[in-house]
Amino acid sequence: MKAENDSNLHAVNDLQNLAQIGLALSHENRLDVILEMIVNAARSMTNADAGTLYILDAEKKCLRFCIMQNETTRTKINAVENPDAPIPEPVPLFVNGAPNNANVSSYVALTGDSVNIPDVYSAKGFNFSGVKNYDSVSGYHSKSMLVIPMQDHNSDIIGILQLLNPTIPGTSK
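Residue numbers (the working numbering): 298 to 470.
Note that these hints are calculated values from the structure, not bench results. Each residue gets a CB set at the ideal place from its N, CA and C atoms; glycine is no exception. The hints are all genuine.
In the DSS-like style, the derived pairs of lysine-lysine whose C-alpha atoms are separated by at most 27 Å in a straight line are: (1) Lys357 - Lys373; (2) Lys421 - Lys358; (3) Lys421 - Lys440; (4) Lys373 - Lys429; (5) Lys440 - Lys373; (6) Lys440 - Lys429; (7) Lys358 - Lys429; (8) Lys373 - Lys358; (9) Lys429 - Lys357.
Taking CB as the label site, the calculated pair distances span: (10) Pro383 - Asp354: 17 to 27 Å; (11) Ala355 - Ile384: 14 to 24 Å; (12) Phe391 - Lys429: 18 to 28 Å.
With the sequences and hints as input, model every part of the structure.
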């Protein structure tokens with residue numbers, strides 16, 4: 298009975314988060330505030346320890362880092378609000394004219410497919426050197442990752458959201 302009540306409470310909290318984002322979208326003019334709310338809500342709904350949001354730069358054909366939150370390292374970076382923040386290089390969607398399918402973020406942006414990686418250190422098919430470098434520098438340990446496309450009202454991809462490491466054992470993203 299307690300597990301069912303906990304599940305219902307979590308679902309109510311998720312709906313409240315979505316309602317708050319909907320309200321913010323209709324009233325909030327600051328992009329940095331809206332993007333922070335999206336990452337906060339996504340992390341809350343998935344029990345993710347960390348989240349990173351990239352926005353698609355269609356003109357330059359890349360993903361631009363915007364928001365990073367990491368509960369374990371107590372890190373919050375908002376590159377929209379603070380353009381002088383230390384931020385990763387843009388992720389190119391194409392390398393030498395070919396789709397950049399080596400990077401999981403660009404793959405998701407190009408295909409629109411969500412990708413769930415149970416263990417980034419043993420995963421095959423993507424280059425996780427950026428994640429591993431972050432772990433080496435920060436002392437963090439990225440384990441699992443869910444990368445999902447963000448779409449606008451026309452179903453066009455406008456960015457991607459990466460969620461890392463569930464905070465409750467046994468939860469999946």
